[in-house]
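Asker: Each chain is listed here by its residues.
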Amino acid sequence: MDWSVFLRELHVLGTALGVGGSTFAEIFVIKFAKDKKIDIFENEILKICITVIRIGLIILTFSGLGLLVLWRMKLLGPDVFYSGRFLAKMTILLILLFIAFLMNFRFVNLKLGSAISTASWYAAMILGIWRGLHASYFAIMLGFGVFVVLVYFLLEYARKTYLKSK
Amino acid sequence: MVEKKPILSPIILSAILTIVAIVLLTVCGELDAGFKGWFTQTFSHHWIGKSIISTLVFLLSVPVFYVLNLKKISSVSLVWLLVAVTNLSFGVLLAFFFIESLF
Amino acid sequence: MNEVNIFFLVAHIFLGTLGIIFLTAYLLSIFKKEADFKWLKINSFLALLSFLASWITGGYYYTSYYGKSVKPVILKGEFSWVHSVLMETKEHVFLFLPFLTLTLFAVTYFAHQDLKKDKKLSLAAAGLCFTTVSVALAIMLSGIVISGAVGK
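Chains as they are written, first to last, in the numbering used here: chain G, 1 to 166; chain A, 1001 to 1103; chain X, 2001 to 2152.
Result set (DSS-like, lysine-lysine): computed pairs, CA atoms no more than 27 Å apart in a straight line:
#1 K2071/X to K1036/A
#2 K2038/X to K47/G
#3 K2116/X to K2033/X
#4 K2033/X to K1005/A
#5 K2117/X to K2041/X
#6 K2033/X to K111/G
#7 K2116/X to K1005/A
#8 K47/G to K2041/X
#9 K47/G to K2032/X
#10 K37/G to K111/G
#11 K31/G to K2032/X
#12 K111/G to K34/G
#13 K2116/X to K1072/A
#14 K2038/X to K2120/X
#15 K2033/X to K2120/X
#16 K2120/X to K2032/X
Listed next, the stretches of chain A that the computed footprint assigns to chain X, with coverage defined by at least 3 CB atoms under 8 Å from CB atoms of chain X:
#17 1005-1013
#18 1016-1026
#19 1047-1055
#20 1074-1081
#21 1092-1100
In short, the hints are calculated from the structure, not lab data. These figures come from a predicted structure and were not determined experimentally. A virtual CB, placed ideally from N, CA and C, is assigned to each residue, including glycine.
My request is simple: use the sequences and hints to build the entire structure.
Answerer: Put into structure tokens, the structure is as follows:
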């Protein structure tokens, strides 16, 4: 197995942990909100989800940097590094880190923060998979903005529907 | 037992002085080719020279500030001053190289 | 690029990123009610070691390879500002990091009893940590942009 394959496998693993962790964190938050309080066990479950997300992020960071070193050695240059898709993915990653920081210190409304965070994970994953995407940076970021709004309302709908159910 | 805290203020002040020194060395080196040339001749590379001199500035200023015994300035204020100096220095260097690249 | 230069390039990236992770762990734990000050000391010390090691490995790569082989390529291309603005800023701002992390470690080590009781001091330490992480992150991002300017 060469470095490129190894690093891409790690990158996929990091993505799986991050996307999976954030998805389950959302599901559990909605479920645990039913009785309007989070007990010790529920708190531990959410902490586990956050730990899985952080591990995913660390794996993604190192594997991603490794892939960038391989790109650098192949002299892929501005066509790849400055492409709309790559720059948008990096921007979304920074948004994800910033929102995680704000949420940790409760500087942002948690419903809004978790919607942005979840949307960011899925958007980064989609951009990573969609190799043939040749849109401009601004078009992709606009699409991301719309996606965040959609995710927010989807989560709100899920919360209200579940709370109304028995 | 010697109290550990008196060393804290000298360390913070030395860090502030070192960051200011780095900015001054950098700007002077870019504006004066001879100064930069001296670094290259003395240390084989200007960046190695700045690394060594900044380390020396830090190591020598810690005992100086320790002896000066500046108890009246609180550690909290000094840490925030270090934060401010760091941010300002970052901005100064970025702005300096941006303006230099235009000319 | 020979294997020695690749090693030092990868090492400085890996060690710098490790430093950022240790400092982030510090920042996320300093305000916890049950903040473990032993781990704060360890995180700040490991961040210091990481940046010192990144200084040496990055410095080797920069002084032995970048100036001769990479800089001319960037300056000849359409993104010459990437070297003249970003790389020049990066190589000098990096010198702040060891002294900032040493200060953070010193505050944590020498004043850990005060950090537990004094909210103003723990806020100042967090501010210093946040600034150091931000500077380190800016350096990392600059490194990515600089690598991107090196084409065929």
